[in-house]
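If you read the protein sequences in the order shown, they are chains E and Y. So the first sequence is numbered by the working numbering: it starts at -16 and just counts up by one. So the second sequence is numbered by the working numbering: it starts at 92 and just counts up by one.
Keep in mind that the hints were calculated from the coordinates and are not lab data. It is possible that part of the hints are untrue.
To be verified - Here are the simulated distance ranges between beta carbons:
no., chain 1, residue 1, chain 2, residue 2, range
1, Y, 174, E, 50, 40 to 50 Å
2, Y, 203, E, -14, 40 to 50 Å
3, E, 50, Y, 107, 21 to 31 Å
4, Y, 107, E, -1, 51 to 61 Å
5, Y, 113, E, 22, 14 to 24 Å
6, E, 24, Y, 113, 10 to 20 Å
7, Y, 149, E, -7, 38 to 48 Å
8, E, 5, Y, 107, 43 to 53 Å
9, Y, 186, E, 9, 19 to 29 Å
10, Y, 135, E, 2, 20 to 30 Å
11, Y, 135, E, 3, 35 to 45 Å
12, E, 64, Y, 143, 38 to 48 Å
Ideal Cβ placement from N, Cα and C applies to all residues, glycine included.
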Amino acid sequence: KQEVTQIPAALSVPEGENLVLNCSFTDSAIYNLQWFRQDPGKGLTSLLLIQSSQREQTSGRLNASLDKSSGRSTLYIAASQPGDSATYLCAVKGGAGSYQLTFGKGTKLSVIP
Amino acid sequence: ETGVTQTPRHLVMGMTNKKSLKCEQHLGHNAMYWYKQSAKKPLELMFVYNFKEQTENNSVPSRFSPECPNSSHLFLHLHTLQPEDSALYLCASSQEPGGRALDEQYFGPGTRLTVT
């Protein structure tokens, strides 16, 4: 069974700081990895999708990396802003014979003005 | 807006009630999903429909009954629920499931369900 772990569970940083969120997964036979953002009481917004053959993806101030062989991904957020405050979820597609997404519990980020 | 809508956004129901959740996608996708998000737990996949056919049921209790009349609409019928079923229920869609690496899921805003 694929398992996804996100560390830390919560993170509080001052505005302007660069930060890294971590995601690890147990089965490296994945098709892709997605990072999502979830605001309180809301649905999920896809931020970045990395195919299994890719090493990283970038969108604006966000950069996600993937090391499939070691089962790790990081989401780097540059020059954090209060509007970045949300829960960030990592999900992997595939692994353990499944085609479906397996999610981590998320990292709750607070950016302090 | 992601192109996936859900109604109602909030629902309070008693354990003996029957209610339905509705999801609609405007993206021309062929696959639709129901997920459950409980406090302090990861999102759990409940059901998958591909081209209106149910292709996955993750050992969900029979008090949850999905229905997919066409590729754009998905329902979750609820009856005799338990308080532990209180959660955020999320619908998602994708072009199609399976092994395609580019297959990205788009999520709706969710229905916050409270069972009293």
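query: Out of the numbered hints, which ones does the structure contradict?
result: Numbers 2, 3, 7 and 11, in rising order.
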